[in-house]
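S.K.: Produce the complete structure using the sequences and hints provided.
Residue numbers (my numbering), protein chains in the order written: chain B, 234 to 559; chain H, 234 to 559.
These aren't lab readings, by the way, just hints derived from the structure by calculation.
Just to be clear, a hint being listed does not mean it is correct.
Repeated chains share a single entry, so a pair holds when one copy, or any two copies, can fit it.
[Said to hold, decoys possible] Restricting the straight-line Cα-Cα distance to at most 20 Å, the calculated cross-link-like pairs of lysine to any residue (SDA-like) are: (1) Lys382 <-> Ser490; (2) Lys503 <-> Ala414; (3) Lys343 <-> His328; (4) Lys399 <-> His557; (5) Lys529 <-> Gly291; (6) Lys503 <-> Arg416; (7) Lys497 <-> Val384; (8) Lys375 <-> Ser547; (9) Lys343 <-> Asp552; (10) Lys292 <-> Arg416; (11) Lys375 <-> His256; (12) Lys497 <-> Trp380; (13) Lys292 <-> Ser235; (14) Lys399 <-> Thr463; (15) Lys503 <-> Asn420; (16) Lys428 <-> Thr276; (17) Lys503 <-> Trp380; (18) Lys503 <-> Ser417; (19) Lys529 <-> Ala542.
2 protein chains.
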Amino acid sequence: MSIKIGILGYGNLGRGVEQAVLHNSDMELVAVYSRRDPASVKTVTGVKVVSTEVLDEGKEDIDVLIICGGSATDLPQMTPKYAAMYNVIDSFDTHANIPVHFANVDSAAKASGKVGLISCGWDPGMFSLNRLYAESVLPGGKAYTFWGKGVSQGHSDAIRRIDGVKDARQYTVPVDAALEAVRSGKNPELTTREKHTRLCYVVAEDGADKARIEEEIKTMPNYFADYDTTVNFISEEEMKQNHSGLPHGGSVIYSGSTGDGSMKHVIEYKLTLDSNPEFTGSVLTAYARAVYRMNKDGQSGARTVFDVAPAQLSPLSGDDIRAHML
Amino acid sequence: MSIKIGILGYGNLGRGVEQAVLHNSDMELVAVYSRRDPASVKTVTGVKVVSTEVLDEGKEDIDVLIICGGSATDLPQMTPKYAAMYNVIDSFDTHANIPVHFANVDSAAKASGKVGLISCGWDPGMFSLNRLYAESVLPGGKAYTFWGKGVSQGHSDAIRRIDGVKDARQYTVPVDAALEAVRSGKNPELTTREKHTRLCYVVAEDGADKARIEEEIKTMPNYFADYDTTVNFISEEEMKQNHSGLPHGGSVIYSGSTGDGSMKHVIEYKLTLDSNPEFTGSVLTAYARAVYRMNKDGQSGARTVFDVAPAQLSPLSGDDIRAHML
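M.R.: If you want it as structure tokens, here you go:
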């Protein structure tokens with residue numbers, strides 16, 4: 234019997250989950266749920282599109298609903314709302330609001346007897362796991378997280394809002410010297426500027442003042458002002474040809490010691506991803522299996538990746554994973 | 234209330250656990266248990282040494298016994314034996330015998346109502362986790378495990394058994410070209426010889442035939458014959474000065490894809506360890522916390538790292554780890 238998956242929201246992440254479900258033979262994609270007119274949404278795999286009005290009745294035959302909305306406004310509403318009806322999983326990544334979001338999902342899911350797993354993906358998600366494993370094994374060490382080289386959609390959008398900008402792509406790039414210092418176990422103190430640079434490709438409108446655009450980017454508070462930023466103006470054709478993908482990745486590097494402190498140990502977890510949304514969708518899909526199993530075991534309430542035993546993620550039996558992966 | 238830890242066996246690994254317990258303020262080391270005459274064993278931290286005859290009575294006031302014996306003959310006997318009396322954890326690493334060992338520990342621990350966690354450390358252990366996480370997220374990819382640069386005690390011992398050898402140290406060294414091919418996502422097929430080389434430092438006895446020793450090393454079946462091996466003869470002083478540590482490490486590199494296979498993703502988990510036994514001891518100690526908690530929750534039977542939710546490893550509360558590590 235397959236695990237029945239529903240996808241709520243059909244942007245890049247929703248399409249990533251759609252692809253991931255195909256790679257998991259114990260799962261079946263039931264429907265994509267959309268707030269748009271279903272007739273206007275065409276899925277890659279041809280799976281049916283259903284209005285969220287139908288989903289809201291709480292009677293859809295799905296084991297886990299994978300919620301692919303934005304963290305700013307969608308997920309704080311959606312995840313508790315749907316945890317009251319279905320097992321759910323999301324990729325909520327507004328760090329400061331995780332405790333509140335967890336509490337909201339927890340009370341909704343406890344009341345409904347469902348499981349709601351929040352903040353899943355790679356950061357938060359796989360990177361969080363690696364911070365926790367490393368800190369537990371080597372207490373008192375120092376965790377460094379580097380992102381990139383990869384496209385930041387938030388930063389790309391921020392540039393697009395500048396007057397005279399037709400299109401933009403922003404890459405977050407970790408600084409090699411900082412990476413090397415951390416990998417060597419030196420435990421350096423690093424400023425924001427020392428850890429990452431920002432590389433921007435911009436298509437300007439005809440006749441736009443490029444110097445002014447570059448200045449507006451480089452001085453933009455929060456997004457760019459604290460970084461060394463490079464701005465390259467390119468043609469629309471070049472943008473399409475060289476910058477249409479959504480690669481990303483990064484490293485969690487943990488540096489700790491044992492004994493009297495003289496024995497140093499460095500743990501690095503590194504991701505190099507051709508497609509950020511397809512990888513994130515794959516993580517969500519693996520954890521959907523765990524959500525289904527935990528709920529079947531009688532669990533309810535909010536969970537994070539920290540609460541999931543790794544064996545729950547695999548379609549293989551305990552005997553098989555012990556024989557082949559241990 | 235502290236978690237009361239006992240250590241069985243006081244070699245390099247036992248001393249590594251002794252150091253690790255000091256770094257975990259919610260734990261207390263009760264005793265080292267030894268088959269040797271307790272009066273003849275001096276511990277680094279001064280913790281008391283108790284005969285295994287006392288341990289065998291089954292009445293020691295310990296929450297978890299960390300068994301630091303060898304996989305060849307000690308652990309297959311010891312872990313089931315003591316799982317009948319105490320919560321236990323071991324680092325059993327004879328891959329082919331894991332299913333049998335698991336079954337033996339499982340029946341003993343179920344009968345006693347205790348938890349027995351086997352095959353913990355970094356490989357098996359942290360590396361196993363990374364193989365499982367990666368395969369679950371990107372089904373159908375390929376996992377590569379590289380070891381080193383690091384000291385292999387088994388290979389060092391094998392050299393020491395050769396006639397005319399006074400001392401020896403063997404380093405396992407991963408081949409850079411193989412590492413790079415795997416990291417690039419090329420999914421190469423690699424022979425044993427292509428993945429690792431073996432680097433040996435040997436102190437020969439006065440007047441020994443070095444050419445014969447070198448030949449015996451390089452042609453030794455299983456240990457060296459399938460590898461490109463380099464043998465360096467050095468003095469006792471040089472051995473002591475440059476090769477007295479037990480560094481190790483390695484990488485699990487997983488290469489998979491999403492969608493139609495055109496999007497490639499590479500996941501790497503890399504360890505660089507100054508002291509193999511101190512790091513392994515630290516992993517065992519973190520998992521001892523989980524064993525204690527699982528048993529307190531009413532669980533019994535055999536477990537592996539695959540069965541342990543990451544949050545169980547941390548002394549911090551769920552709220553704290555969500556707020557600071559997610």
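S.K.: Each hint: holds or not?
M.R.: Hint-by-hint comparison with the structure:
For the identical chains of this complex, Lys382 and Ser490 are inter-copy neighbours only, at 18 Å across copies versus 29 Å inside a copy, given an alpha-carbon limit of 20 Å. For the identical chains of this complex, Lys503 and Ala414 are neighbours both inside a copy (16 Å) and across copies (16 Å), given an alpha-carbon limit of 20 Å. In this assembly of identical chains, the alpha carbons of Lys343 and His328 never lie at most 20 Å apart, being 23 Å within a copy and 41 Å across copies at closest. Proximity of Lys399 and His557 under a CA criterion of 20 Å is satisfied in neither setting, with 52 Å inside one chain copy and 39 Å between copies.
In this assembly of identical chains, Lys529 and Gly291 lie within 20 Å of each other by CA distance solely inside one copy; the values are 18 Å within and 38 Å between copies. Taking the shortest alpha-carbon separations for Lys503 and Arg416, both the intra-copy value of 12 Å and the inter-copy value of 10 Å come in at or below 20 Å. When the C-alpha separation of Lys497 and Val384 is checked against a cutoff of 20 Å, the pair qualifies only between copies, where the shortest distance is 16 Å, while the shortest distance within a copy is 33 Å. Proximity of Lys375 and Ser547 under a CA criterion of 20 Å is satisfied inter-copy only: 15 Å between copies versus 30 Å inside one chain copy.
In the homo-oligomer, the alpha carbons of Lys343 and Asp552 lie at most 20 Å apart only across protomers (17 Å), although the nearest pairing inside one protomer, at 32 Å, exceeds that limit. Taking the closest pair of Cα atoms, Lys292 and Arg416 never come within 20 Å of each other, the shortest separation being 51 Å inside a single copy and 46 Å across copies. Only between protomers do Lys375 and His256 lie at most 20 Å apart by alpha-carbon distance; the minimum there is 14 Å, versus 36 Å within a single protomer. Taking the shortest Cα distances, Lys497 and Trp380 sit within 20 Å of each other only across copies (18 Å), while inside one copy they are farther apart (24 Å).
Within a single copy, Lys292 and Ser235 get their C-alpha atoms as close as 18 Å, which meets the 20 Å cut-off; across copies the closest is 49 Å, which misses it. In this assembly of identical chains, Lys399 and Thr463 lie within 20 Å of each other by CA distance solely inside one copy; the values are 18 Å within and 60 Å between copies. Taking identical chains as interchangeable, the C-alpha atoms of Lys503 and Asn420 lie at most 20 Å apart whether they share a chain (18 Å) or sit on different chains (17 Å). In the homo-oligomer, the alpha carbons of Lys428 and Thr276 never lie at most 20 Å apart, since the shortest distance is 39 Å inside one protomer and 43 Å across protomers.
Taking the shortest Cα distances, Lys503 and Trp380 sit within 20 Å of each other both inside one copy (10 Å) and across copies (17 Å). Proximity of Lys503 to Ser417 under the C-alpha cut-off of 20 Å is found in both arrangements, the shortest distances being 16 Å within a copy and 13 Å between copies. When the C-alpha separation of Lys529 and Ala542 is checked against a cutoff of 20 Å, the pair qualifies both within a copy, at 15 Å, and between copies, at 17 Å.
Checked against the numbered hints above, the structure violates hints 3, 4, 10, 16; every other hint is satisfied.
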